[in-house]
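Engineer: Using the sequences and the accompanying hints, generate a full structural model.
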Amino acid sequence: MDSPVVAGAETAAETAADTAAASEAGAPRLPDISDYWPDAPQRLGPPADHYELPGADPDRTTPAWHNLAGPDPAGPPAGGYRPATGRTTARDRATVDRATVDRATVEIPVGVRPHRSFWRSAVVLATLLGVGGTLAWAIARPDPEPPGPPTFAGGAASPVPSAAVTNPPVAIGTPPPSRPAPPPVVPAAATFEFVDNTTELNVTIGEVAGGWFRVTSPRGSGVVPSTEVDGTTLRVGIEPTGTRGSARVDVLLSEEVDWTVRTRGGFRTAALDLKDGTVDRVDLLGGIGRLDLTLPRQRAALPIVLAGGVERWRITTAGEVPVRAAFRRGAGTVTVYGDRDRGVRRGDELTVGAGSGGLDLNAEEGVGTLTVSAR
1 MDSPVVAGAE TAAETAADTA AASEAGAPRL PDISDYWPDA PQRLGPPADH
51 YELPGADPDR TTPAWHNLAG PDPAGPPAGG YRPATGRTTA RDRATVDRAT
101 VDRATVEIPV GVRPHRSFWR SAVVLATLLG VGGTLAWAIA RPDPEPPGPP
151 TFAGGAASPV PSAAVTNPPV AIGTPPPSRP APPPVVPAAA TFEFVDNTTE
201 LNVTIGEVAG GWFRVTSPRG SGVVPSTEVD GTTLRVGIEP TGTRGSARVD
251 VLLSEEVDWT VRTRGGFRTA ALDLKDGTVD RVDLLGGIGR LDLTLPRQRA
301 ALPIVLAGGV ERWRITTAGE VPVRAAFRRG AGTVTVYGDR DRGVRRGDEL
351 TVGAGSGGLD LNAEEGVGTL TVSAR
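Position one of the sequence shown corresponds to residue 1 (full-length UniProt numbering), numbered consecutively onward.
Among the hints, a few may not be true.
[What the hints assert, rightly or not] Cβ pair distances, simulated, as ranges:
no., residue 1, residue 2, range
1, Ala318, Arg244, 35 to 43 Å
2, Ala209, Arg345, 34 to 42 Å
3, Glu349, Ala209, 42 to 50 Å
Think of the hints as simulated: they come from the structure by calculation, not from any bench.
Where is the CB? At the ideal position from N, CA and C, for every residue including glycine.
Structural biologist: Have a look at this one:
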């Protein structure tokens, strides 16, 4: 871009003219600093299509310098053109008319600033195309072959872990009906033990559906029975519920089993109705207030041991059978099939009837009253 040529030195005539103008104004001539500001007011607007030299009349009606035909015949003034200072000197006013006609306008082409939004859009579009192409290549490319197993010293390959076994599909539908649990095995012979103290115990032998024993406690009882099976031994205990009740326990034993009955706890009342089963032995190891023992018909002698004292004891047999009784600590009254004996002393033995079978009773503790009768 060409710019107007400004001379570097003034002629002597121009210097004299400026000096005279400054003397008339009464003050020294100083430069106008606004001409040197980068944001001078004349630079804030859009660039002009031509420039006027200093001293040109802004309201002229004559043709512009650049429209005049031919170059200035007089040529540039001595010393060249002067830069604009924003003030009109006496010399400028004296030569304004001649400068308007004789001097040509200097044209400075102004370039158009490129529109940046186009390049920004192009960069963004190129970036998106690159990212999209990379993703498409990563999705479409075939999977590389899996690396082989690593080898160690000696060239032996390490074992490859087997693929995880996935769960087989599960069919959703109504499950087939489950088979009923097989009935428990009923032993040929077993032992029943009651291991705790309680208020009332009732034991009977009969038919048991789905097993070989059943233990219950009535509603309102103060205890809950518990059972434990160890081989062919059934142990029954109680757990208090915290409420007041009778603490009654009812036990049903299977008639298909030959039973040994043993009580280790003490009872206020106990009823052992064994007439519908087979009994091998009866052991009464705890103290009892009132005891009722009903026995089945026996081919062999039935051993009965009383290791705890009893106040009132009644034994019922299937008909009259031989009875052999030993009282190590004596007894108050003993009645066997109507034959009464009072004041049995310690160590006395009593035998009623003859033959095999019957009852073989051994009382290791004291007995208040004993009555043996037939049904």
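Engineer: Each hint needs a verdict: does it hold in this structure or not?
Structural biologist: Do the hints match the structure? See the list:
1. Ala318 <-> Arg244: 35 to 43 Å: Given a distance of about 40 Å, which is inside 35 to 43 Å, the answer is holds.
2. Ala209 <-> Arg345: 34 to 42 Å: Violated, since alanine 209 and arginine 345 (Cβ atoms, about 50 Å apart) do not stay within the stated range.
3. Glu349 <-> Ala209: 42 to 50 Å: With a Cβ separation near 44 Å, glutamate 349 and alanine 209 satisfy 42 to 50 Å, so the hint holds.
This entry does not satisfy hint 2, going by the numbered hints stated previously; all others are met.
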